[in-house]
Each structure stands twice: as C-alpha cells, then as structure tokens.
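Asker: We have chain G; now place chains A and S onto it with these hints.
Chains as they are written, first to last, in my numbering: chain G, 154 to 547; chain A, 40 to 418; chain S, 69 to 416.
Think of the hints as simulated: they come from the structure by calculation, not from any bench. Errors might be hidden in some of the hints.
Unchecked claim - Only pairs whose alpha carbons sit at most 27 Å apart, straight line, appear in this in silico DSS-like list of lysine-lysine:
| no. | chain 1 | residue 1 | chain 2 | residue 2 |
| --- | --- | --- | --- | --- |
| 1 | A | Lys191 | G | Lys301 |
| 2 | S | Lys312 | S | Lys411 |
| 3 | G | Lys343 | A | Lys165 |
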Amino acid sequence: MKVFKVYFKIIKKNLPMLSMYVGIFMLFALLLTISGVGGSTNSFSETKNRVMIINQDEASPLTDGLVDYLTEKSVIVAPVKDEKAIQDALFYEDAAYVLTIPNGFSEDFLSGTHSLALGKMTTPNSTAGVQLDMLIEKYLGEFNLYVKAKGIAATDVTALKETASLVKADLQKGTDVVWAGSAPTSSITKASYYFNYLPYSLLSIMILAVSSIMQVFAKGDLKKRMLCAPTPATRINLELLLGNLCFAVVVWALMMIISLLLTGTSITDTRMQMMLLNAFVFSITALSLSFLLGHLIKGPGAQHSVANVIALGTSFISGVFVPQALLGETVKYVASFTPTYWYVTAVGDITALSSFSWTDTKEIFMGMLIQLTFAAAFLILALVIGRQKKRKTV
Amino acid sequence: MFWHIFKYRLKSTVRDVQTIFWTLAFPIILVSFFAMAFSNLENISEYKTIKIGLVNTQQYQKDTMFQSHITAVSKDENPLFDVTIYDTQEAAAAALSDKQISGFILEDATLHLTIRSTGIDQTIMKEFLDWYLQTASSVNNIISGNPAAGIKLSGILSENVTYIKDTNTGTNKPNNVLTYYYALIAMTCLYGAFMGSKEVTAVQANQSAQAARLNLAPVHKLKVFLSSLCAVNLIQYLSILLLIAYMAFVLKIDFGNQIGYILLASFAGCCAGVSFGAVVGAATKKGEGIKTGIIISASMAMSFLAGLMVAQMKYMATKSFPILAYINPANLIADAFYALYYYNTYDRYFLNVGLLFAFSFVFYLIVFLLMRGQQYESI
Amino acid sequence: MTGKEFCHFYSRGRFFTIETGGEYVLGRQESARGGCMVVKVSNLVKRYGDLIALDHFQLDVEQGEIFGLLGPNGSGKTTAINCILSLLSFDKGEIEVFGKNMTPSSYDIKRDIGIVMQNVAVIDELTVYENIDYFCGLYVPEKKLRKDLVEEAIDFVGLGDFRKFYPKKLSGGLLRRLNIACGIAHKPKLIILDEPTVAVDPQSRNNILEGIVRLNQQGATVIYTSHYMEEVEQICTRIGIMDKGRIIALGTKEDLKGMIRVGEKITIEFLTGDPQDHVEWVQELPFIASVTTQNHNLLITTERGHNGLGSILSAVHDRGIQVGRVFCELPTLNDVFLEITGKELRDQ
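So here's chain G without its partners, still in its complex pose (with noise of 0.2 Å):
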C-alpha cells in the first residue's frame, strides 16, 4: 500500500492549496444558496421585483389603484429624475422595471379612446419584465371591463373609487392548491439551491486537486522510479484510485454537513436522504472523470483551463445556473452527454417529490445510474489510458 501511503504524503504537503480550493469553491455554493438566486423556477412564492414607478399623471382613482396594487405586489423604489439616472438605475439593477404614467393617462384611458399607453423600461426577455407586464394588464384589463360595462363616467369619482376597491378584491382571488402527497418545505427549496450548484464546485474541486496530485506521480524520475518497483502498474493505478477516492469521500462528506446547517433540514428527511444520495453518487462521477483527466492533463498550464472548461462549461449546459427549463431541446441533448444533466435532473425529480412509491423515484434512481455508468466508463478508460502511457513513454 505504499503509493496510497505516498498519496496522502503529497496532500498533507499540498495541504495550503487544496484548502484554499476547496475553501473558495464551497465559498461560491455557500453564497448562491444564501442568496436565493438562480437555480430553480420551482416554486410558487412569488418573487417581488423592484420597480420604479414614474407617475406624471394627475391623482385619480385608476393611477392611485394601480400603483396600490403594485407597491402590494413588489418593491417599490424611488423614482429619479433624469433620463440618465434612470438607465443608471436600470444598469446596476436598482430597478428591474421602470414604469413611466405619462400626463392626461387616466383621462384617456377612462374616456375608451387609448391613444396613450404606460411607457416601461426593462430588460427584454427577463422575468421580471413578463411578471409586470403581466400584473399591470390585468389590473387595466379588469378596470377596463367594469369602466365600459358599467359605463361609468370619468368624473364619476366615488364610481371609481369603488371600482378600484371592487378591481383590488378581485385580484386576491386565488386558486386554491392541493397537493397529492406533501408539499416541498421551505427548507428543501433552499437545499434544492444548494444542491443544483453542487456540481460546479465539486467538479472544481476534484479536478483540480486531482490533477495536481496526480501530476507529481507523473513526473519523469518518480515515474520510472515507479515503473521499475515489481508492483504492476495496474495495482498502482487501483491505489492511486484508492487515494483519490478517499479525498472524494472526505470532500462529499464537508458538502453535506454544510449543507444540512445550511439548510436545517433533518437528516431524517427522505428527501435530503435522497440528495445526499444522489450527491455521492456524483461525488464518485466527479472522481473518476478527474481521475481519467488526472491522466491526460501534462501540466500545469493546463490544468486550470481544462478544469474550468469542463466544471463551468458543463455546468451551463446542464441546468446548474441556467435552468434547465430554460434550455434548448438540442443543448440538453448534448448536455445529457455530461454526468453533470443526469444529477441537475435528479435533483430537482427530488425537490419535486410529493410521495415516495417506487413509480415516483425510478426515474430518480435511474439518473444516478447512468452517472455511475458514466463513472465506470471514466475509470475503465483511466486505466487502459494508464497502462498505455506506462508502457509508451518513460
């Protein structure tokens, strides 16, 4: 067991590095979590945007409620000025949308003509744009109907006024939601985050300690030195495997207590079982893809570009930050190349989970094995790459 011994010898060594590897890519899920960001569109809490409104209209009962209506539903921020204040605004995300009541609105819109409409400023396709554009029309839409049907003049303004109260109690009416089975608690969601930007770190981790550890065996003297000792060189390689294994173990094993303080949720929660599981499993995907890279990176100018291009790459493509519903048919299908796809799904299969019946989590189970089937393709690889290289080059 000597090159398991020396395998260890070399991380204690390299100690300071790896630490600050690992520190710094735990660091990076850590605040994603927290943050909230990103990840999943998975969840019915309404997200409140920031909105600026401009009102240049005069006080009427319409403007007054729609603007109620919004202060309820978002966060509310100061209106400025200039023109350039406003794109400063919009530039660094004080605002996400930027809606501008332009004067005689209300007159227009209550007489039925409409020439004038709301101005917005926002950022094409994003979801807040969508979420507004999408709570302002209602609310119109419904002022609208009862304006015209009832027929209620523009003066009219307890009319109004009670239109607006009518239009606002309308608009709290909800559907109700039954879910079959147990709804996800908040503290699964939040896990949920942090599981989905998983990959990226733990990727990052491995291939780059990986690499790096494995680099010394294969410098030119320690390699021969080792070629010669009558331990076949595929021993040595399963020791090596043995090393790397180990330091996978450990680094799962600090994700996942992190992630349970992070979270809170119980260890006795099926789900989190279920994550933990599925996160292990990747954990030993990540393994032997760093192992097998471990292999064929030949220095260190290499490395961290290949170790960026495959953890952040494969990330993207598979749901870790952009998520997966969002994704083109033909990018997940390259992507359900990665072991990286398989794991974004099953976790969020997990989160999704309502019951437990073997119907449910199959498809789960079936994603963590095609990333083990893709763990043992990367070692059986690694090792014939191995031998190969022992035997070709000294």
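Answerer: This is chains A and S only, laid out in the frame that chain G set:
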C-alpha cells in the same frame, strides 16, 4: 537590448505549446458552452402544450363560462392546454400519479388545482386559473349590479388593447445575458495572471536557475522583466482580441460599434490580469502549487462576484459592498464593456478603464518594490 | 601607474604585469601566471540563522590561474561563489573583483564574468543556438560580433550537430556542454564553474576539462569548484581545500601533498600465512610511518619524502616470503583532507 529580450521571451512563450493552446482555446470553448446555454432564452414565449386533467363534477357541467374559457385555450393549433376529462377524482388522481397529466382541476364550490410537483407547467396552470377566477369575480360584480351590462362583456373582453409600450431609448437595451459574457472576458483577462507570475519566476534568482543566470548578467533584472512583460502582454492581448472577435462574429454577441474603445478596454483588462499575476509571483515563495492556487482562487472569486455564474450575484455583491464595484478588477472589466454597450456617454467607461490602469500601475509598483533588491538571503 | 591600473588595461588577457623588484613591467603572456588579483575575498561571513555557512572565508585568485575550490558537500563552496557574485547577501567581509568592490549593480565587472552553475540554467523552449544567443546577447549587444561569438562557443563545446535541438532532447553531458556555452560565449575574463561535471559521462567530462584548460590558455582566469579531487588535481594550478565554511589548506598540488605526513601508501597482498606475523619486522624498516593489516593485505605508509617501496620489496624477497599483488599509491588530496579534518572528501 529591449528587442533582444522581447524577441526571445516571445519565442519562448509561444513555443510552450500546451500553455498557448489552452490560453487561446479555453475561453473560446467556454464561451461556446455559454452560447449554447443561452440559445433558447429568446424563445421563452414558445411553450409546449400542457396536459391537464378535469374532473367532470356537477358544478363543472353547470359552469358554462368556465367551460368556454377552457375550450378557448385548448383548441386550434398549438393550444395552451390539452384537456382530458375524468369521471371521478380518483381517476384523475391516478392519471396524475402516472404522470399522464401535470395537474387536474376540480370544481366544486370553488376551483381546486391538484398537483404533484412545481414547475413552469404548474405555474402556468395556476396563473390561468387565477386569472379566470379574478375575471369571473369582476363579471359577477358587474352583472349583479346591472344585469343589462352583461351583454357588452364579451365584446369588451375580446378587445385587444395595448396598455404598455416600450420606451427604452438608450443605445441598447439592458441585457442580463451580456453580464455573463462580459464576465467571461474579465475572467480570461485575469487568467493572464499565470503568464505574469511565470515572468517573475524567470527573473527572481531565488526561484529558478535561469533567473540566477540572468541576475549575473550586466543588465538590471527589472529591465529584463519589463521587456518580457511586453512580450507576455502582447500574447495575452491577442488572445483576448481573438476571444472578442469570436464572440462578435461567430456568436453574434453585441458589443456596440466602437472598436477603438473595445480595443482599449481589452488592453486595460489584459494589463490588470498580467500585473496581478506578477504580484502573486513576486510575493510568494518558490513553488508552482501555491501560486497556481492563489491565482485560480482569486480570479474565480473575482469573476464570481462579477456575475460569471449567476448574473444577480454581481448586483447583490455591489449592493452589499458598493466599494466592490471599484476594486474588483473583474467587475471593472465587465462593466467597462457593458457601459460601452449600454450608455450613450463614456464617463462610466473611462472611469473603469482608468481604474484598471491604476490597478496595473499599483500592482507593478508593488512588484518593483518586492523585486528591487538584487541580493537574496538565500538561494 | 600602479600595477593595479595595468591590470585594467588588458584586453582579452594578453597583457599582465610581473612584479620585478618593486617595478612593474609589461610583458607578453607566456604562461598563465601573473601578479594581478582578479578576485580578492576577505573575512567573508555568512550565517543562516544559527548555522555558519561561511566562517571568515578568505580567497585570493590571481589572474591567469585555474583555481580549484575543493570540499565535501555542504562545505560552503556554492555559498561562497554566490556571495562573490553578489547574488547572495552576506553578513561581513569584503569582496573585490578586478580590483573593484563587487556589488549587485557592478555591471562593468559582471560583463567580464562568465558563470557555469551547478543547476543547468537554460530555457527549455529555445534551441541550443537560441539559448546561447539569448544569454550572450545580455553581455554583447552588437549583433555581428555576437553572431561570431555564438558560433565559436558552439564549436568550442562541440554542439555543432545539435544547434537546432531543444534542451529536453539532450543527454546529461550535452546539456552540461550547453550550460557551459551559455556561460562563456561572451569571452569573459573570469570564469566561475560550480560543480560542472556532476552526472556527466566520462567523454563529456574530459571534453569539459580540456575545454577549461583551453579557455585558460586563451587568457581567462578560472575558479573551479568540485568535490571530485581527480578533476581538481588534473587541471587546477592552485587549490584551496574547504571545509565548514573556511579554507583549511591552500597551495599547489605539491604544496598540499607536502603538508601531510604520509609519503606513499603501499599495499602488499600475502598469499600464504597471516600478514599479522609480518607487522613487527616491517615496522622496524626505515621511514615507515604505519603498518596495518586488512584481510590478506598489509597496508604500509611511508613517511613523507621517502620512497619505501624498493626497500620493502627487497626485504620481503630476502626473507623469501611469497607475495601476490603489490600496490603503491601516491597521496591524494583526499588524504590531505582526511588528515586535516579526519573526514573523507566524498560522503561515506
């Protein structure tokens, strides 16, 4: 002397094929992945038909208004819903378990939507039903007051009124996706740090044998260092320009049209990255490992805070620590490009570019102070 | 004009001064001897924490010499060299090169120094030709002149067939030759070589040693450090033996060997009988320093200046003793070192 050293450092860097290949290739590969991930964002409006179930309760059979609403969205080409009617709740529930439908509607006293999981489909179902309930409520209010008004309702509801108009007059609209791309350029600039660090090792006699030889030559090592810096900066600059060209022409990402400014910003970013690496190289002892570790960790951290992985991180980071916008080189680079694209004026742009050059200057100053001594305690 | 100033006058080592009765005379170089001090180190002290690496180290190297600095690993040879070159800071002492105080920015001095270090200091991504050209270019900015110098250097070390090779493709010996070429291409007046033959094949080693002698004949002063006494004995005109940071013995080969008691070492192999029986009577012979036994052999050392071999053999013949092989060795520098320090030059 300058050209002599410049020429040879250039040759030596370029011939390190592994490093050069990855310096050029990795940002291009990565940005292609990004492009793939974002390719579908423009098509958000297209949706797949949602399979939904409906329980044939008595109330439903009586509710013609609801029926017409459901029918309206489940007919024609590419409808919103594909409705299956079930006789009993149990049948619907079974279909839901089997994942034949994404959810089912049950109407008794009110509308209930039963789902198993959350997702875009379910969100859309809920929104649709909410909207229906809200409109129905308004309609009821109107009719209960004056039944005659009921006739006008369908007419009004089918009116197509545009309430909102886009008034964005800036050169270009704000664009979240660009944040990622610009952050990627920033990260690539920062990765120039590896080259900067390598050049320091090449002149610090206590870090390499070649450097010791250099120190014994009748040339001040800082002169050698400056000449080699020029060579390295050139290569790094070219790689960034290559990346931007690829992004602009192949991926069709918008940078605005101001080529000169783009070139300047790239150069500023490049200087910042290389100088940062030089500081790391000069401040740490011999040994590749630690230097690589610091450079990777630092550049990823800075890029992270500039929104590389999740665009909103940038916003949150600068909201929590406003000073970050000015001291995070990745942020400065990304924002310089974004300001160029978004604004009509150049204040923001020049501020950022200026700060980047200032950073480079400070970094090089630190390196100069650290490397000034020509004798070493130990070699 | 003082002698020192004349030293500065020489170009490519063609002139030197001979001190004759207080007057200085210009003379053509015939032998590589002169009276000009190229390197003068006084009282050099260098500490690493509690460890004293150089302990009042003294060194005087005259122009035209091949000065050998011999000592076991860890004696401070490389440290001394690095201090002389102003690469390493030191705690006390003065260092003068070419009569001027040596500092890190003494570029005029550095221009005339060539270094061949223990660690091969070449750039992996440049070819043999380019490496030599690069480093020579730091000393010789003129392109035309440099081109000739580089060609000469390549010829000198015999790398003509390898000029387009990259360092990774060269064997250990060839790599060392490249290392040397990079160090001497600019025709320096002082060449310092720090253990240049470590891990080098015998052919290359001879090549290197011959090369150094040739360089010296062309007018360069050489300081050569090593722990291989055979090499030092072979080419050095003057030798300093170093241990624990100071010079413990200084002089020519003969001077040094003259310092010790031991004259010759004779080994006689006895085919029959126990050599122990013969110890007593051998010791009675004249000029015998010591007699010991080892297996079947008798190890005899004679006193300095006396050849005992003839008398011992005739004594053995007279007694009719059957002997096998007989070895006779002259004292080596290792013996000098052993006697002074009680240790061997090479690590056990």
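Asker: Could you run down the list of hints and mark each one as holding or not?
Answerer: Results of checking the hints against the structure:
no. : hint                  : result
1   : A/Lys191 <-> G/Lys301 : 8 Å, holds
2   : S/Lys312 <-> S/Lys411 : 12 Å, holds
3   : G/Lys343 <-> A/Lys165 : 22 Å, holds
Consistency note: the structure conflicts with none of the earlier hints.
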